[in-house]
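A.B. asks: Protein sequence lines correspond, in order, to chains A and B. Positions 1 to 110 (my numbering) are the ones given, in order, by the first sequence. Positions 111 to 987 (my numbering) are the ones given, in order, by the second sequence.
It should be emphasised that the hints constitute simulated quantities derived from the structure, not laboratory data. Be aware that a few hints might be false.
Stated by the list, open to error - Just the calculated beta-carbon pair ranges, DEER-fashion:
| # | chain 1 | residue 1 | chain 2 | residue 2 | range |
| --- | --- | --- | --- | --- | --- |
| 1 | B | L506 | A | R56 | 50 to 60 Å |
| 2 | B | R211 | A | H59 | 47 to 57 Å |
| 3 | B | I127 | A | H59 | 27 to 37 Å |
| 4 | B | V170 | A | W96 | 36 to 46 Å |
| 5 | A | S22 | B | I127 | 25 to 35 Å |
As the structure is a computational prediction, the values presented were derived from the model and not from experiment. Every residue gets a Cβ at the ideal spot worked out from N, C-alpha and C, and that includes glycine.
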Amino acid sequence: MAPHQSDVLRGSVELLVLKTLSLASMHGWGIGQRIQQISRDELEVNQGSLYPALQRLEHRGLITSDWKISENNRRARYYKITPAGLRALGEEAESWRRFSAAVDVVLHTT
Amino acid sequence: MEEEFRFHVEMETEANIRAGMSPEEARRRALIAFGGMEGHKEELRRDRQVPWVEPALQDVRYAARSLRGSPGLTLTVVLTLAVGIGAASAMYGIMSRLLLRPPPHVSSPERVVKLFFQYQPSDGQPRTYAARDYGFYEAVRDRSRTLQAVAAYTDIEVPVSTGAAAVLARATVASAGFWRALGTRPALGRLFTDEEAHPASGAEVAVLGHAFWRRHYGGDPAAVGRTLRIRGHSYEIVGVAPRGFRGIELADVDLWLPISAYAEGERDSLTWHEDRGGNLLSFVGRLRPRTSTPAAEGDLSQVLHASDEGHRPVSSGAAGRPRPRTLVRVGPVVGALGSDMQPIPEARVGRWMVGIAVVLLGVSCATVASLLLLRAMRRRREIGVRLALGMSRRRLAALLFTESLLLTLMGGAAALAVAVWGGAWINRVLLPELAWEPSETLDISVLALTGLCIVGTAILTGLAPVLQARVEPAHVLRDGVQHASQRRSHLYSVLLVAQLALSVVLLVGAGLFLKSLHRIGTLDLGLDTESVLVTTVDFTGAGRAPSEVAAFYERALERVQVLPGVERASLAMTIPLRSARGGGSIQLPESAAGMVEEQGSPSVNYVTPGFFATVGTRIVQGRDFLPHERDDSPVLVINETMARVAWPGGSPIGECVPFRRQATCRTVVGVVENTRKFRLKEEESLLYYRPLPEEDADDDRVLLIRPAPGRGVTAGTIGRALQEIEAALPYVHTETLGAALDPQIRPWRLGTTVFTTFGVLSALLATVGLFSALAYTVTQRTREIGVRLAIGARGRDVMRLVLGDGLRVALIGTLTGTLACLVAGRWIADLLFEVSPADPTVLLVVTASLLLTAIAASLVPARRALRIDAITAMRTE
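Chain B with its partners taken away, still in its complex shape (with noise of 0.2 Å):
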């Protein structure tokens, strides 16, 4: 453009020139004659652009300055959508992974099928489980006509020597055709083959978990081929499974095994595969191509009957009453289904979790936009003189519009930030046995929420001020002042009410999970979960007879109980919560047929004197074991409801129990309080105790301690105790008697920690946002304040008016609020443990809490109201 001008102007010179004038004279005439070079080349160049570009820049330019101006407003704005979004892309993130991912490296997933088991008791509630023995894999694999691939495999927990440590490894032991089944490739190496994996034929081989791999053995690809020793036997390493593959399961896995290992160093290793009956089993299949489910389902119903008659044994006590059929059910491998094809309580809570992400993000939303429409009111005055100035309407609803998106933007950026270390955060603090990788965190379908929740709430956001914008200049500029007194916009009204009711909800589902939580602390589980260590030690494989095993605890008993700080200890032969023994060798009277043969045979524990103390178990009536009893006297302790059933009316304490197979019959020495024997929630069942023996050869035994309070005892204490006893140990494991039950608390943790920061975040926007309204309120009504309190208001009025105003928007806010919960209480009604969802308690907390905290936002500007000097608000504009 220069260019062209230059020469236009050394053209007219030169005809200047030739027309007769001197040099200088001519390029004079030449430049007055092309006229304000300047000018033109503005002009020029202003039509030259892009027609938006220009304004779009000036626009960002103008936004970025005002926000600088209010860093207060920005701040919160920037944390409230940080806080909005991040949260529900965090959710999402973790939801979609428990609940719509399929898992890692499982070709075509779509075909992959786990097995239920189904059958309809008498009363009630068709059961469904999922495990079985490897009999029906058998029969499965060679009778099935829907399957294409059937495998049967189970997880573990086997204590593993690296050579450089031992740990305790999760190890999946599976049979022939789990890798066919489920379409895998290794990372490295290769992975075992059919034959390997049967049952008697010993192959000791493993395949290394990707995480495994890298955390033991650095990510060396020479790992493959060394060796690990489980059980006192070699296992040659021969591959590495691909990163993130865990089977079928949620849980992140550390070997596979093939299942000849399940039994590895047992007495039966060569056998046990043989015995029908025993449940021990998971099922995964693949279907052949255009098989429907209710096909395949028919088809192995009908493996599994043909393949039971005859097999499996008859059931104790139920002579004559056939068992309910049970059929084979097919269920799908996303979803996070647990044994009883249900999605799993974590997931369950989790799909809550979604839905109160995204109600935080509506008063997040909300907040924001409010907070935005509040600063457009009091922009008015500038705006009104923009408009006046000759701004074209779209020119400032473009402006408006920028400011928001300017916001949003960073909101978003910190959004991405909070999303990633929050979901961490909860994968791995609230959801510790569900595997995850870091980078699983965030992935495409993540991003893509999260760019449509910036552009959803710039566009929500940013339309609240502009509506607010179609105001007539002339009006503003008069200064509103009059015509403003009661027109808080309704708009603003309506977000503050819809903000407090959704605190309401969220606040109110808190305190439910608190509840929840509190109710399961206060369980009468009949033993004392918190402070009771249990150790155990792994001698599979070590060699010993279990004579030899049985003598170790005892010396290992003797020597516990002489530690300081130790109150009490005591040995036992399964592990209360999370093992039991059938006994079903006891006759029970007649009474307790029928419990029999719904549960099936009452369970035992035999345990040492001392016993029912160590683990806080009441004796109701009678007498502990004595210590001379030990030598298989003939005496029985038995649970309130075996009392109480097999014996109602009387007390048992004397009666003598016979016992099948055997001559004596035992009496009973006294009765116990019932315990829990797996769950947190369950029907009550039949137990009883006999004394532990000191020789014994059975070695299943567990070492109970009871410390004393504040003493100090730990794992490590009891750890290098037995060491004392013996140098050289193969695994020690102890841990509290209660950790068993920590899994089945998470889910109300989970729900717990999410409510309530998300309940408190809301209400603490909630909050600000009322203070900003009744703030806004004083300030527009300044001079009508004044006058009144020069009439002569007292100050108690002026108070009134102000908090009046603010309690009437609590008060609707929260009664909506309510509403909304008894509505949607329904559907989290099943999520609670023993709490309604229309808690009266609760309901009164959160929304007396809620209201006191509404009077408290209005209390600042209502004082600050009283101090309005009439004078000078009256002269104020």
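Just chain A, with the same shape it has in the complex (with noise of 0.2 Å):
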């Protein structure tokens, strides 16, 4: 199946974000790689929402970025998330839960 792609990810691009660089630091393109590569290929960033969504998490301060030279000897920017970050991760995935659990109970209902 095509990963998903729909408005509905688009809004919690931030919360997946969060959540991979909660496992580590990593640059852009790798946030990318890695979201696709835990959700099992379900879930493909679209790079567009991407950045966007990194510099929003930046201004709020729940992440911050450094240069450093990355695996191949190239210059990358890395992220890094902060304690803020991480105790509004665990706001917004509180909040995604209660989300898609009410959005099922109403699929549910015959």
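Build the complex: two chains, separate frames, hints provided.
C.D. replies: This is the structure:
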């Protein structure tokens, strides 16, 4: 099945990015790859929404960035989650669960 | 950012290559997957900015463009603001210098005080004066408990020879303690010591004023140690005063000399200071810490009475009647106090200047606001479109505000220029005697005030269009011709009325001052102040015997009388309007005793025949002196006051008046009209004339010359003629008779100039405002007017429509202004010269002119309305 690229995903990009970064710091491309990998190719993040999301998160102080040398000896910007980001991750994840549970309930109504 | 994206694409490409694609394919796929790099960049860039910088810059660019599109408006607004803000700053600068700023280089000026003397005469107001004798200074120095330093000083004008040139210098002669009282340090060299400043010591040292030093010695430090020749004596220059220092007075001082220089070259040079009763010196003191004013005044009054006991001579004619007690008053050194302890007229007029400058600023702001408002109303369509397209109201307000801010900043920059140049001009031309340095024109407080004005103006004028922009977009897009027909914004009408009212106030002020000036000009002073010239030669210290001086003047008179272009000339002992000599030996009849006691003894002048014709004093009864009467004939000419008071009801001609300590009495042969003694406005006084002896031991002389009109006789002509008599003359000084009155007239000149300028400007602005308003109305109502014309309205009706509109505003405005004048008139009353603040002529003239101007301003739009073609009008949108 083609990976989801719906609007719903758009709003949850930030959530996914935070989760990914909570596992390890990495650069933008790496984040996209990792999400795809963890979700077993179900989720493919649109590049166009990835970087804006990263910028918004950085504005809100949930992640920080730094220029480093990457694994193939090139300069890349690495992102790292902050303590505030970890807290936000917990909150966002919680509200996501409630949201999807609610949607489930509606769908299972006969 | 770019680098980050590039990295991303490269990684994606490599991944694709590993997945088996060719390099080109890999890259292409990667790029597609990344999707529209430019779009992302733009989005990210937008989000990345500090949120308000970008829109603000955009606004500025837009504002600049739209302002460039209407250059007329921009120019008008900038000029209006420049004048309004600039005038306010300039006036404030002048006033703060005169009234607020303490004298420079005086330490702790709040502890330094000027001494005044006040006594309560039998009738009316307490009289205050500021001069006493050297004995008072000594008494205070020795016995005062509240002053830690005191000094006596006075100003003199002396011809000074710097070696290169002879100039008339303003010098302050000061006693010991002067520098201590003021706490001043020299800029160069030293100041004179207490020993040198003793009146009998005769030390010949001088301290140069800073400006004088710059002007005549080029600021050369080697000037210290050189000599100055004053009245035949050589003075050593021991130091230079700091820049801008002028003691505690307002006028610039060229030199400081020890007080012994006061009588240098005079006969009583070593003993003049012991003479009690000659009130010639002013006093300055420094209060002890924590001394209150009443305590100081009480202490000093006591010192005064103790020192007066047995020293002051009893005044003649007041035998048995005790003089009212004189008290010492203590006044601050700021606030431009004159010798009567009130602010000098320039300062009082100046206070008003600030007031009207503020008013003008108000008018400027109103004008600018109304012009911007007008513009905003014209752009309602555009604004409506923007709002409809989704611009937030706040953004719109910010946009309009940026425009006003830009305009105000430009106006403010121009205002600084106006403030500097205008202030300099006023200082140089209208207040020439009050010292100022060009650097003083702009100081921190003035700059701060200007900045405040700019910000305030920006806010006020920016608000107007913003308020106007609260319009429903839909209305505007439908175009508001229909519903705008009566709705010129109320705000705008109020602004117009305010402008007109303020203009009325300013112009009435100008008219009142102008009328005062005119009254002064037509005053009958008893003297021809415009045409008559007064020449003196300063012989002090030249080593001439008085009889030689008298002889010189006789030769001078003969020489000048035959000069072509000289109608008449004569000699006198005292100079009218500048000096007066007491002639107390005359014994007037009993009926004059009251006036003599009140005013002191009558004054006397010794004159040659033809004096009255020379100076333009009319002979009312009898005759002038005859040439042969100069040999001390017992004759007398008196003035009208003396005739009326001493011989009421009868003619004094032929009366023989006795003189104290003289055997023969003198016969009155003539009565002349009254003349002013010193001031424009003064009480009448007793004055009589005696013939000037040809040979005399008294050498006070002045030469009076009446040139024939248009013959070009000037000071130079006189000077040259005198030099023909004697080649090496000391300083010759010639001026018009009326020059002594100029400083007294100056406050009215100042008031007239400033009020007139501001009034005219304000009226101009009001007219422009009215014109714009009416033009706008006509444009807005083009359709309606076209319809009316088509239906059959006559031209007259249309004109009445437009004119009526303008006239209504003008009437309300002028009425309000007139009311304001009548209310505020009280405060200005004492500044005017024999003119009532509610003078009907002035009010009438001003209101009539403004109404006429308003009508004229309304005519153009009215005529334009007439020419509206009905069909085109109805097609107009």
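A.B. asks: Could you run down the list of hints and mark each one as holding or not?
C.D. replies: Evaluated hints:
no.	hint	verdict
1	L506(B) x R56(A): 50 to 60 Å	violated, 27 Å
2	R211(B) x H59(A): 47 to 57 Å	holds, 53 Å
3	I127(B) x H59(A): 27 to 37 Å	holds, 35 Å
4	V170(B) x W96(A): 36 to 46 Å	holds, 44 Å
5	S22(A) x I127(B): 25 to 35 Å	holds, 31 Å
Violated hint: 1 only; the structure is consistent with all others.
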